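**Student:** Using the sequences and the hints given, assemble the complete structure.
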Amino acid sequence: MNSVTTGSIRRLLTTFLILFLIISGVAAYVQISNQVFFNGPVLAHGTYDGRTCPPYDAPIRGTIYDRNGVKLAWTVQDSKAKSCGYRRQYDPRVASSGLAPLLGYYSTRYGTAGVEDAFNDALAGIQHGETLADITDKLLHRPRHGQDIRLTIDINLQVAASNAYDNAYLPKSAVSSCQPDGSNPPGSMVVEDPHTGEILAMVSKPSFDPNQIDNTGYFQQLQADPGLPLLNRPAQGLYVPGSTFKTLTLLAALDSGSASLDQTFTRDEAIAYVVNGEHINWDGYNAGEWQSGRYVATFPMPLIDGYAYSDNVIFARQAVATGANTWLSYLRRYGITTPGTHVNPIPFDAPYKQSSGFNAIDSNGQPQDFNVNLLAESGFGQGQLLISPLTMTEITSSIAADGMLFSPHVLLGGDTSSQQVISQTAAAGVRKAMWAVVDHGTGATYPNPTGGPQLLDSPAQEGGKSGTGQGDEANPQSWWISLAPDDQYPNGGNSAKLVITVMKEHSGDGGCQAWVADSAYRFAMDHHIAPFG
Amino acid sequence: MIYRRRYRWTEMWLLLFPAAFLILALLELELTQNASTPLTRNTLPPVDVFTPAIGLMIALAVTHVLLNLFAPDSDQTLLPIAGTLASIGVIMALRIGSSPGFDVPSLGTKQLAWVIVGLGFCVGTVVLTRDLRWVRNYKYTWAAVGLALVGITLVNALRHFNTNAPSRDVLSIGPGGFSFQPSELVKICLVVFFAGYLSENQEMLSAGSVPIGGIKFPPLKQLGPLLFMLGLALIIAVGIRELGLALLIFGMVLSMTYAATNRMTYVFGGLALFTVGSVLAFSVFSYARVRLAIVSNAFDPNVATNAGYQIVQGLIAFASGGVFGSGLGLGHPTFVPASNTDYIAASFGEEFGFAGLLALLGLFMLLVFRGMYVAIRARDPFNQLMAVGLTSVFALQTLVILAGNLKLMPLTGVPLPFVAYGGSSVIANFIIIGFLLRLSENKA
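If you're matching them up, the sequences are chains A and B in order. Per the working numbering, the very first residue in the first sequence carries number 1; after that it's consecutive. Per the working numbering, the very first residue in the second sequence carries number 534; after that it's consecutive.
Don't read these hints as lab results, they were simulated from the structure. Remember, it's a predicted structure, so these values are computed and weren't measured experimentally. Be careful, since some hints might not be right.
[To be verified] Restraint-style ranges between C-beta atoms, simulated for each label pair:
| hint | chain 1 | residue 1 | chain 2 | residue 2 | range |
| --- | --- | --- | --- | --- | --- |
| 1 | B | 633 | A | 470 | 56 to 64 Å |
| 2 | A | 225 | B | 633 | 46 to 54 Å |
| 3 | B | 761 | A | 25 | 37 to 45 Å |
In this text, a Cβ means the ideal position worked out from N, Cα and C, and glycines have one as well.
**Tutor:** Next comes the structure, spelled out in structure tokens:
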């Protein structure tokens, strides 16, 4: 029987194997060089590639929790999502309670903002050691898992603060009661634990819905909105602080020893002051305030009552008495810029803007000094001061914490560094003055809008200072800085556990905002939140 | 016949490869498609995810047991290699079928069913061809059956002659819409015919007796039927627009003739004929010219988004896989039209990368190597040429579709054996494996 020569079969086999190797070579060229023979166009990520989102570009971002482990922002798989098959989901309370401007947003089109931006590396899993989950992800070619982060925010307190903010404020025209008028003014509210620097709530109004950020036209609408919903007002908004800044003048005077709370001013000294040709008057008194009714000013007036009645004249005099250099050095302790000296801001771990003491350049474009007129005006919170609600919160915090200033932060377990900015006695003195405000000053003039006990009888035992920022004459900013419980309360508050700043734009006198703070304090106490736990 | 009743241990151990692949691939598919959290004890996938793996492993195990009974001495590597390739095919069908742009969730289950049916045909072939002589004796019948199969579709084709409509290599049977591609079975029929014919006329063909221009040609009596059958097959293949099938048949006859005669003359003559044939085909068929133009100008902006869309997207799929691939279930293979059939290699290349593609090519090369090894050790010229022909068809088919995918030649709709979705191809290839098993059992 014939036989086929094995040689021909072997050569045939060799031919096939060579052809297979050629195919392998071509596949290697295409797959490794990302080109077609020879010098062809780029293939993957080229003109005709529809793969806009390779898995490694779409990490599964870490979850953002509040301090109690409530999910605020998390990533869900959604094959229909425009952002690479994963969608960022936010708790609806983030939008409704004014937390969104702080928390920010995540979008593959518009990038990141707020906390989502400040902690992007951790959330996107760019900066952390390899965990077992990372190794499994790598093996399975799955998208990176970002790190989860936990914020100092308490979402329940945040919602309570937001509700309080919406439910009580002073109508621009009236002076006798604190009721909502439905105009929903823009503004800020900050709740901080002064002994740790933890921000427990940060409300910014108007807010936005980060869940809708990728919806057609929504982002453009937010950008065009004159109410600036994307701005996190408490940290990024700078305003004329008004009378709340008398607190800084007071603490500078007490800490530097240039005055004591008992130092008195005669009637003439208290109602008018001419400084370098500029007339400064106590307009409220001259218009009849503190002359009759429940609380009447008596002369000679102690400094503490000048603070309680918010007398601009006394604080202009006091700032000048303290001296520009000393007064400005206290601004710098709170990270407020003073031209001519480099001032480190008080760091904050979410986006913020540094507050400023005065302008380096005057209205004629010339470099300007901090002259005595500017000093006198700044002493009661006008001048050229531009202060963020967060900075005001830090000033109050250092008073609440016996002169210690803890770095404010929103990351739980974040920067807990602290420094002594003023003496313990100066801080105690200011607390006494803040109690006087609610005892018989501007904080005592507005009755409880809900008909309950007055501020002095509220379990919150709040001390504070109101302010009216005259940045916009017709629509002044309505400020209230406060701490609670104030140790000056006769029935025994021992040390301030919480600090709240409320600021409503174009809402008139700040006294009403004390009720906003009172409501939030009582919520924190009743629900044993953080420092009351 | 001496039966060495030795258990097929090698085959059994090698079958652990497809089993391991199936389990790991199904696990990854489940993780990539359904879980967004890291794998923990609580997020382990449910057991029913592994049903396809269990089904296919049982089918392979049953085949293994049957081979122990019916062909205990046959090659022990063929079933594991084919089984692994078929497993890849089932996994890819599962993966592509469930992708958002494709949405044919039953694709994987259907392919699994075809593989199980194919394994049945494989065992059937081994059992029925215990005595290969009856196969050989009916060589003209096989040829006729094969040509008749194509002929039926030719009637359809002639009604739409020379249009750019797609291939009509489809035979519908019954009212259920069950259809299969006759060309898959035609290849096997023609291998049987040529093996029979060449083995009978081997001496005359290799020696040659009619000298023309210094080269001795075999007498027309031997050469005639060969050329006639070849011509007829080619005309039919060209008629139904399956240039790929024509190329396969041509390459297969050339390989078998060279193996039978050990004469390069046939190779050169064949290549000359091929050149003439190609020129003729391109001048006669406008669709062939269009296909060539598409390949040469694929990246022209007007072509890349229209006629060249498939070839360009296919190359992008390969390239986006890179060295290690996007990972199973994580690429976008369905961006390429026919991602589950003609472009299955691009789909596989995207998700498994060059590393995976090289492994796949390695499996094909192993199968070709084992097929030729069976040919070398086979009992007689008919058996040898059968093995050569079947292995050549298998190798050529793989090379032609891969070369088309990689833009080395115009794309022809030839399925990648075992891996591409489709019942006819899977069944035909398992019949080839059945024959090779039988041929390796009946050793010299």
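**Student:** Next, verify each hint and record whether it holds.
**Tutor:** Here is how each hint holds up against the structure:
no.	hint	in the structure
1	B/633 <-> A/470: 56 to 64 Å	holds (59 Å)
2	A/225 <-> B/633: 46 to 54 Å	violated (35 Å)
3	B/761 <-> A/25: 37 to 45 Å	holds (39 Å)
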